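**Student:** Under my numbering, the letters of the sequence shown match residues 2 to 116, in that order.
Please keep in mind that the hints were generated in silico from the structure rather than gathered at the bench.
Hints are not guaranteed to be accurate.
Pairs of lysine-lysine, DSS-like flavour, derived with a Cα cap of 30 Å [what the hints assert, rightly or not]:
| id | residue 1 | residue 2 |
| --- | --- | --- |
| 1 | K107 | K74 |
| 2 | K70 | K35 |
| 3 | K35 | K106 |
| 4 | K74 | K106 |
None of the values given here were measured: they were computed from a predicted structure.
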Amino acid sequence: MSRELVNQICATYPGADVSDPWGGGHDAWKVGGKMFAAIGAMGAGVAVKCPDIDTANMLKDAGVAQHAKYFHKSWVMLPFGATSEDEYRHRIRVSYDTIRAGLPKKVQATLGTVD
């Protein structure tokens, strides 16, 4: 897994856009102005939002994810090269769906459907 592949995956979601809000080479993917994935300047992995803290803790306990520095406890960092591509795709999708579900219905309606 790499920055390029994460960016390719994130770019497929309706309404997703990328920015570098902190400067220095970060990739922050957002939907409706809310972040669902972030790759730090060091490129060690991708931070994603979990539906809840319990899920985040389970992923960390299972060795799938690590603590995502500077993020809420419901976020985890998936290190590059530590998990299968399918797991990365799944976790990014769950993060996108979690953030999208929290957007106002009016905003959600403008985004289109997810395949």
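**Student:** Now tell me, hint by hint, if it's right for this structure.
**Tutor:** Consistency of the hints with the structure:
1. K107 x K74: Satisfied, since the Cα-Cα distance of roughly 28 Å is no more than 30 Å.
2. K70 x K35: 18 Å, holds
3. K35 x K106: With a Cα-Cα distance of about 14 Å, the restraint between K35 and K106 holds, given a limit of 30 Å.
4. K74 x K106: 26 Å, holds
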